[in-house]
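Protein chains: 2
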Amino acid sequence: MTEIASLGEFGLIDHLTKNIELKNSTSKLGAGDDCAIIAPTEGMETLVTTDMLMEGVHFDLTYIPMKHLGYKSAQVNFSDIYAMGGMPKQITVSIALSKRFSVEDLEDFYEGLQAACEQHGVDIVGGDTCSSRTGLAISITCIGEVEAGKAIRRDGAKETDIICVSGDLGAAYMGFQLLEREKQVYYKQIENAKTDAEKMAISQPDFSGKEYLLERQMKPEARRDIILKLREAGIHPTAMMDISDGLSSELMHICKDSKVGCRVYEERIPIDYQTAVMSEEMNMNLSTAALNGGEDYELLFTVPIADHEKIEQMEGVKEIGYITKESLGTALITRDGNEFELKAQGWNPLK
Amino acid sequence: MTEIASLGEFGLIDHLTKNIELKNSTSKLGAGDDCAIIAPTEGMETLVTTDMLMEGVHFDLTYIPMKHLGYKSAQVNFSDIYAMGGMPKQITVSIALSKRFSVEDLEDFYEGLQAACEQHGVDIVGGDTCSSRTGLAISITCIGEVEAGKAIRRDGAKETDIICVSGDLGAAYMGFQLLEREKQVYYKQIENAKTDAEKMAISQPDFSGKEYLLERQMKPEARRDIILKLREAGIHPTAMMDISDGLSSELMHICKDSKVGCRVYEERIPIDYQTAVMSEEMNMNLSTAALNGGEDYELLFTVPIADHEKIEQMEGVKEIGYITKESLGTALITRDGNEFELKAQGWNPLK
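Each protein sequence line maps, in turn, to chains A and B.
Going left to right, the first sequence walks through residues 3 to 353 as our numbering numbers them.
Going left to right, the second sequence walks through residues 3 to 353 as our numbering numbers them.
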């Protein structure tokens with residue numbers, strides 16, 4: 003393992019960014035100067051989003067490898083750009099790290115970053131590393147573009163609009179629960195093992211049949227494909243967000259900002275088979291996982307009722323309810339026909 | 003003091019950003035959606051810079067108040083935009099914080115941020131707060147603009163160009179040394195005080211005659227004025243950087259990227275009287291502080307020799323040497339006429 007101090011701050015950035023080729027015509031200057039330079043495309047507006055990820059809060063290095071962490075850190079930012087109907091083009095990456103990390107760890111992280119960037123046609127135009135007294139901190143800013151005046155905000159949902167979600171929900175949350183459980187089991191085994199032979203005999207957890215949950219937690223994919231499909235079908239959503247904090251929380255943001263209410267049907271919320279099996283195994287409420295579990299990075303959007311048939315024919319998108327008058331509140335209709343007010347338990351790591 | 007948990011993550015951001023008015027015509031949408039929207043000005047390119055500041059590495063809350071920290075965090079980003087010859091227009095702000103911080107702490111931080119933003123005509127267009135297991139982490143991204151093709155990079159310095167710096171150097175570093183010394187003195191007094199009366203009698207340090215050093219360390223000012231003066235005088239620097247890691251380090255970046263050498267005269271390096279007095283008091287080498295002390299946030303730039311007279315008449319800018327062939331290396335000529343190779347000790351917090 004190569005100590006980071008052996009390269010120094012500038013040496014490390016050079017090392018990590020030297021092989022990066024800028025591929026977008028709008029990326030005029032990448033890492034290595036005081037700023038990156040981007041030449042905006044005529045007729046387009048610029049989108050900017052930032053995310054900060056803290057060790058022990060947003061990720062746990064006991065189970066997520068550095069390469070996946072790099073991949074995920076990039077995807078969650080792309081997801082915010084897609085959520086405005088735009089295309090991500092550039093990112094800048096800041097990392098604060100303590101002495102326990104090696105140059106190889108950083109290389110793995112960048113490998114994951116670059117894999118995600120290649121998939122989405124994004125250039126890394128700025129890098130910054132500094133030291134941290136404690137854990138790892140990552141901050142990524144993503145720059146994207148969208149046709150002028152065409153960005154899809156949260157405040158455009160109208161009464162009678164149909165509420166749609168892409169993919170399925172709750173799997174990333176169940177993946178998280180699974181990883182946490184296995185971590186506890188592993189620690190317990192370590193604690194109980196008295197001899198070296200017993201320690202050697204501790205088995206790795208068996209995740210077979212649960213691969214999808216792990217993938218959704220550790221390797222989320224920003225839904226570029228959905229944005230392209232919507233464009234192709236000529237559908238312009240009236241409001242859109244990505245689902246990072248849970249469906250309930252995001253729906254309530256759209257309703258609040260658009261000054262409308264909603265009716266959402268529990269039975270229509272898309273859930274994968276593995277998510278259902280796992281929630282049963284863990285004795286957890288499935289709908290709670292789907293409504294309040296975060297990190298799915300699917301898209302939640304509303305479309306005019308006239309687009310109903312187009313949406314029905316679109317693979318990977320499901321209609322889960324519709325927008326109502328504000329006075330009707332945010333209602334969830336359960337499978338047995340009861341009506342509840344939606345609550346955003348969401349992720350509140352500050353609590 | 004109001005606990006942050008009482009507002010929650012979204013409540014906190016709303017609280018901090020609700021009174022922010024967007025003033026730039028290019029700021030189309032601020033905080034509160036998945037992305038900010040910026041409408042680029044025709045004929046301009048976009049500049050992007052990010053800085054991450056970690057508690058215990060980049061700042062010490064035992065002496066820097068939250069308001070100053072906010073102010074400084076913004077200024078150091080603006081400085082990077084000016085260093086490309088551009089004008090800062092928008093920032094996004096991410097903060098990770100632990101439970102020991104209150105809503106009032108955050109309000110103070112934002113007050114400092116906003117004071118800096120108003121001074122420089124910058125809009126806060128995105129905010130993000132999350133929790134941290136340990137210290138405070140701040141990440142700011144600044145977006146600026148510059149006339150297309152006119153950004154001043156590091157790689158344009160040419161043989162015979164004059165090397166210039168704004169303001170004076172080493173004061174921020176001496177301010178840091180002073181604060182560190184007084185912190186140690188204070189801790190020692192606390193340790194030695196046996197009775198309550200003795201503890202009450204511990205005096206605050208007397209900083210009179212040293213105000214400038216503290217101000218340079220705790221309240222740096224990005225040199226917008228210099229950029230405006232250069233434009234007014236019709237001077238277009240061939241290379242430019244801001245001095246955040248020390249003059250030596252930055253000069254070596256320009257020489258390396260421009261593939262040139264330099265000759266810099268020790269006696270011409272601008273140093274304030276208080277910096278000189280303090281270095282004597284602390285028995286430190288004055289030139290080392292000026293050459294390798296960081297955080298001055300002054301501008302280092304090179305201009306064609308034809309601009310010599312214009313620069314001479316410009317207040318607050320000093321010529322400190324000139325650019326040479328690459329083969330001549332990076333030379334410092336000391337007061338007694340000796341010649342040394344410049345070394346970048348700089349700030350290397352990873353070491």
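Hints should not be assumed to be uniformly reliable.
A pair holds if it fits inside one copy or across any two, identical chains being indistinguishable in the list.
Derived lysine-lysine pairs resembling DSBU-like cross-links, with alpha carbons at most 35 Å apart [unchecked claim]:
(1) Lys190 to Lys201
(2) Lys30 to Lys231
(3) Lys258 to Lys196
(4) Lys190 to Lys152
(5) Lys101 to Lys221
(6) Lys25 to Lys160
These are computed hints drawn from the structure, not numbers from a lab.
How the hints compare with the structure:
1. When the C-alpha separation of Lys190 and Lys201 is checked against a cutoff of 35 Å, the pair qualifies only within one copy, where the shortest distance is 11 Å, while the shortest distance between copies is 48 Å.
2. For the identical chains of this complex, Lys30 and Lys231 are neighbours both inside a copy (30 Å) and across copies (27 Å), given an alpha-carbon limit of 35 Å.
3. With identical chains, the CA atoms of Lys258 and Lys196 are never at most 35 Å apart, being 57 Å at best within one copy and 58 Å at best between copies.
4. In the homo-oligomer, the alpha carbons of Lys190 and Lys152 never lie at most 35 Å apart, since the shortest distance is 54 Å inside one protomer and 62 Å across protomers.
5. Taking the shortest Cα distances, Lys101 and Lys221 sit within 35 Å of each other both inside one copy (26 Å) and across copies (30 Å).
6. In the homo-oligomer, the alpha carbons of Lys25 and Lys160 lie at most 35 Å apart only across protomers (29 Å), although the nearest pairing inside one protomer, at 39 Å, exceeds that limit.
Comparing the model with each earlier hint shows violations of hints 3 and 4; every other hint is respected.
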